[in-house]
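So the sequences go chain by chain: A and B. With the first letter of the first sequence counted as 1, position 44 gets the number 44 in this note's numbering; the numbers rise by one all the way through. With the first letter of the second sequence counted as 1, position 231 gets the number 1231 in this note's numbering; the numbers rise by one all the way through.
No wet-lab data here; the hints were simulated from the structure. Since we're looking at a predicted model, the values are computed, not measured. Beta carbons are placed, not taken as given, at the ideal position from N, Cα and C, and that holds for glycine. There may be inaccurate statements among the hints.
Negatives, chain A to chain B, calculated, CB over 10 angstroms [claimed, not checked]:
| hint | residue |
| --- | --- |
| 1 | G69 |
| 2 | Y73 |
| 3 | I86 |
| 4 | K87 |
| 5 | A106 |
| 6 | N148 |
| 7 | D159 |
| 8 | E265 |
| 9 | A301 |
Here are the computed distance ranges between Cβ atoms for each label pair [stated by the list, open to error]:
| hint | chain 1 | residue 1 | chain 2 | residue 2 | range |
| --- | --- | --- | --- | --- | --- |
| 10 | B | G1090 | A | A147 | 34 to 40 angstroms |
| 11 | A | Q120 | B | G1117 | 38 to 44 angstroms |
| 12 | A | L55 | B | P1156 | 39 to 45 angstroms |
| 13 | B | A1198 | A | V284 | 42 to 48 angstroms |
| 14 | B | D1266 | A | K161 | 21 to 27 angstroms |
| 15 | B | P1156 | A | R156 | 41 to 47 angstroms |
| 16 | B | Y1249 | A | T212 | 47 to 53 angstroms |
Straight line, CA to CA, 27 angstroms or less: simulated DSSO-like cross-link-like pairs of lysine-lysine [to be verified]:
| hint | chain 1 | residue 1 | chain 2 | residue 2 |
| --- | --- | --- | --- | --- |
| 17 | A | K36 | B | K1160 |
| 18 | B | K1146 | A | K298 |
| 19 | B | K1160 | B | K1146 |
| 20 | A | K220 | B | K1119 |
| 21 | A | K290 | A | K305 |
| 22 | A | K298 | A | K24 |
| 23 | A | K24 | A | K36 |
| 24 | A | K161 | A | K87 |
| 25 | A | K119 | A | K220 |
| 26 | A | K24 | B | K1146 |
| 27 | A | K290 | B | K1160 |
| 28 | A | K68 | A | K87 |
| 29 | B | K1146 | A | K68 |
| 30 | A | K24 | A | K305 |
| 31 | B | K1119 | A | K39 |
| 32 | A | K305 | A | K220 |
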Amino acid sequence: MSSLAVGAASRSADAAALGLRSPKYFEARTATRDPKWVKWTLVTLGVSYFVLFLLLPLITVFYEALRKGWEVYANAIIEPDAWSAIKLTLIAAAIAVPLNVVFGLAAAWAIAKFEFRGKQFLITLIDLPFSVSPVVAGLIYVLVFGANGWFGSWLRDNDIKVIFAIPGIILATIFVTVPFVARELIPLMQAQGKEEEEAAIVLGASGWRVFTQVTLPNIKWGLIYGVILCNARAMGEFGAVSVVSGHIRGLTNTMPLHIEILYNEYQFAAAFAVASLLALLALVTLVIKKIVEWQQTKSIAASQKSAL
Amino acid sequence: MSSSTTTADRWPNLAPASAAPKTVSKSKRSTRNVLPGFSLSLGITLTYLSLVVLLPLAAIFIKTFQFTWPEFWDAVAAPRVVATYILSFGTALAAAALNAVFGLLLAWVLVRYDFPGRKLVDTLVDLPFALPTAVAGIALTALYAKNGWLGSMLEPLGIKVAFTPLGVFVALVFIGLPVVVRTVQPILQDNDAEFEEAAASLGASRLRVFVQVIFPALVPALLTGFALAFARAVGEYGSVIFIAGNMPYVSEITPLIIITKLEQYDYRGATSVAVVMLVAAFILLFAINLLQAWSAHRSGRAS
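Okay, chain B solo, but in the shape it has when bound (with noise of 0.2 angstroms):
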């Protein structure tokens, strides 16, 4: 990545006020804390996460090592297991590299222009936050359906998307628009005017003024929006099912192989193909931490 050296880095001085760090933590100075409430808070903090949340994941990975190696390796190398990982992984891949594209376009559209009905795009855009997934997936379903909105102007073109891989794509676009649009958007706005007058000024064109200096300095917020984007879809469940038509080896998720197995009480093979899930996730959340940290940096601000 040499070449996104960014517009701050080269001129340090240049930094916009506005970007600064804006916590100073004053703490260090001040030798003793004299505010109350400590091992309360914390105690309570621990105890409330240890219950709910680290120890029944602990659960999941104590069963596992109960399994031998073959038992394990069976469940999640099944071929019908192997293609939901390759439906989920990626058609995530793909929606959320659609949605950088366009998360970035509709982030940019509504920084940097005014237009009749931005303030309702740019209230609208978190919907997909808002509104429960199973709801996001009948009314995508209906919209794509042979005789839906939609679906019955991409007929005649020979596209079907409800009930096909296309239509996992779809529903996951839908999942993880906002999130590539509100992890660019703060970054954009924090842009200040002083580097692209700069780059004007010294003769550079409006399309080279965007490509080495206003998108360098957006690359460590779209990857970080790209991957969070990617991890959110991979564990998609609910908005997925209705349109996906759940056929195996086609059009089967991998949450949704996981639900299948518990209903046939096979518990060893549902947990198994959940710790393979963990794994990725946790994967993903280490890279999106060090991509996070990356754009914080990048942007000035502390995190």
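Isolated chain A (complex conformation) (with noise of 0.2 angstroms):
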């Protein structure tokens, strides 16, 4: 599946290379122009449907969170548990964006630069996590890894625990992470050509001197954009992570299920608090978001200036 979250962003990055239309451009015009009535009904219509599903829930979060006062709100973020599953998913983050960094640079790199058959299958093959449900992803886990995997016996015998441990938690928010940065890259490096890198090994750079600079300032805001989105899913996630982690509780609790917990125990102010935190992390992500595409649109702006 070329895409879910970062296919539809990348496509509409590419948009915005290939010369965004701004509703002024429609909106200036007879022929694209529609009466005043229709506009601002189907803008209400729109809106009102934004507002429904996305505004609303999106508010809700943060007027439960402190609907019982800070006090409340402060002492659920400090409590020692909601301290080590906040502990926990940062380390699980920390490892597994730059593994899927290094995962993503290397990909785009052999399939934005080089032919070589079966390079459709293989962007398939990296999409895949994106079908996968999260569900499914951590019982394969569980199938290889759990007592009855297949490495159990082994793993028992040298007192090794994957599942219900945190290696079972950082392994499922890999999987569900591939694809973020490697499919941010991919379509990015493909428009670049290779043009430049040719031009840098002709007159003698090393390739690892070509890769970070020429390469790595080339592709640094979608390089950043493919980094927040990863980072957001792997700690957000939550159907995964919840099958491997045995949720117990200050030692393989992730902050998405120490919110499960807690709702579960009706400590609805003590969740939101907790899911104040994680919105706060989607809005920072969506900002980015933009400024990285506004940075995007500039630099493409540019080098046609220049090209001129």
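Both chains are given apart, each in its own frame, so use the hints to dock them into the complex.
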């Protein structure tokens, strides 16, 4: 599935590169301008749908989190179990994201700069985790590393715990975030071609130097974008992590799992307090995404100008 | 789909320059690639993919082949499991359909009209991509519960959302909306005014221009968005389980039954149902790839 989150977003960045048509473009022309009543009816309908299904849930998170006051809010976050959940979430993301960045860079380099058979198939394989249900993603690791799994008895003999322990959580997190960076970089690097790199090689630069001084500056905004999306998903993953975690309080609970436990114990204010941290992270992610898109449009406009 | 010939098909030389393929592969001309690192980067890619994705996925199929056919069939065709398929696929289909209509509308509004708050809406449409599903789940539940803002308004009308199949539907609408908007939006932005101007100058009404000129060009992207939203909704877990109520035969989704079976140490049952979901996902993935190829072909873009 070439997308879900990332593909669609990169296509919109692509559209920006193609010369974004703003509403002004359409509203300035008689042929593409709609009557006022049509415009405002559609705007009202669309925005109402947006408010009903997206904005209200977001506001609810912050409203419920602060309903019982700041003190309850602060206590829910500094409480030791919440703290250890936050720490585990950060650890899982700190391992999963860099690994997927290395993978994404390698995959994009191989796919964008070289021709080989089965390339399209490889791209589909990279997208595969997007189309696998998170629960199934967790289950496959239980089948491999669980007590009855392939390596189950070997792991038990060597006293290594993967399932219901931190390694399992990290593995599940890696699985669900594999495509993010690669999906972002592949179309970008394909569009940029390889003339610049070839020129640098011909001028005698080493492969590593070409990568760090020619390729990386060209893809930095796309890379940042891929990293923040990957990070948001890594910190927020629920289904896959839920299957492999075992829900041991203070030990194998990530933030989303901690939210679930609090919620099921009817500690709604505390659940929403922890949830509001993740909602803030989501908002920051969206703002950075906008900045990155804006920078991309700007740098493409600049390169088009210099090409003239 | 005979009625869906696009404007670009009918007037090929009128195709907007901006929609022309951006990259022409020049590598075919050069006989030798001077860039280094092919085996290293491909090696890392294949090793990593195999270890993290392919081997664990293979495990589930190998495990399934160890079951006898009646064992497998009993697990996947039990009435309680079949009820979850109907709920999961049915609500996913309905949510994707609603999002296809309103996602198109929202994309249209964002591309065509200037209005206060447009940039805010455009930024926040991606929220379900960035907001953890568990957070979405508890927020929707609080909103639609009997004492919630929306739930208390719907209660007197006799409409119950939280802890019913309708709740599952609401959660799936939430996670699917940006998928449709972000698939359709770039195609709408690429639309050149020329086609509409030509149609208008030939005397077509605005409605007719939309139905016969604009909409046909959007069909592939809209279907792709619909299929992507459907695929995502079928496997969704986090945002659904809080609001669903999870009653067997009524509001229990397929991913949940996998977890239930796991918790009862019924590994065989869990694995069998998971294989059904995986096969469904692969079929959808295949369909989406075909749709995207069609969409890219239609909009004149290289994939």
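Check: Are Q120(A) and G1117(B) spaced within 38 to 44 angstroms by their CB atoms?
Finding: 41 angstroms Cβ-Cβ, so the 38 to 44 angstroms window holds.
Next item on the list: Could you say whether the range 34 to 40 angstroms given as a hint is met by the Cβ separation of G1090(B) and A147(A)?
Entry: holds (36 angstroms)
Next item on the list: Compare the distance between the alpha carbons of K220(A) and K1119(B) with 27 angstroms, and conclude whether the hinted pair is satisfied.
Entry: holds (24 angstroms)
Item checked: Closest CB of chain B to the CB of D159(A) still more than 10 angstroms away -> holds (22 angstroms)
Note to self: Does K298(A) sit within 27 angstroms of K1146(B), going by the straight-line distance between their CA atoms?
What the structure shows: Between K1146(B) and K298(A) the Cα gap is close to 49 angstroms, so the pair fails against 27 angstroms, i.e. violated.
Note to self: Can you confirm whether the C-alpha distance between K36(A) and K1160(B) stays at or below 27 angstroms?
What the structure shows: Between K36(A) and K1160(B) the Cα gap is close to 37 angstroms, so the pair fails against 27 angstroms, i.e. violated.
Next item on the list: Would you check the hint for K290(A) and K1160(B), treating anything up to 27 angstroms between C-alpha atoms as holding?
Entry: violated (37 angstroms)
Next item on the list: Mind checking the hinted window 42 to 48 angstroms against the Cβ distance between A1198(B) and V284(A)?
Entry: holds (45 angstroms)
Item checked: Hinted pair K161(A) and K87(A), Cα distance within 27 angstroms -> At roughly 19 angstroms apart (the allowed maximum being 27 angstroms), K87(A) and K161(A) satisfy the hint.
Notebook entry, point to check: Taking the minimum C-beta separation from Y73(A) to chain B, is that value above 10 angstroms?
Noted result: holds (15 angstroms)
Item checked: Hint consistency between K290(A) and K305(A) [alpha-carbon to alpha-carbon, up to 27 angstroms] -> holds (23 angstroms)
Next item on the list: Could you check that no beta carbon of chain B comes within 10 angstroms of the beta carbon of A106(A)?
Entry: violated (4 angstroms)
Hint violations for this structure: numbers 5, 6, 12, 15, 16, 17, 18, 26 and 27, all remaining hints satisfied.
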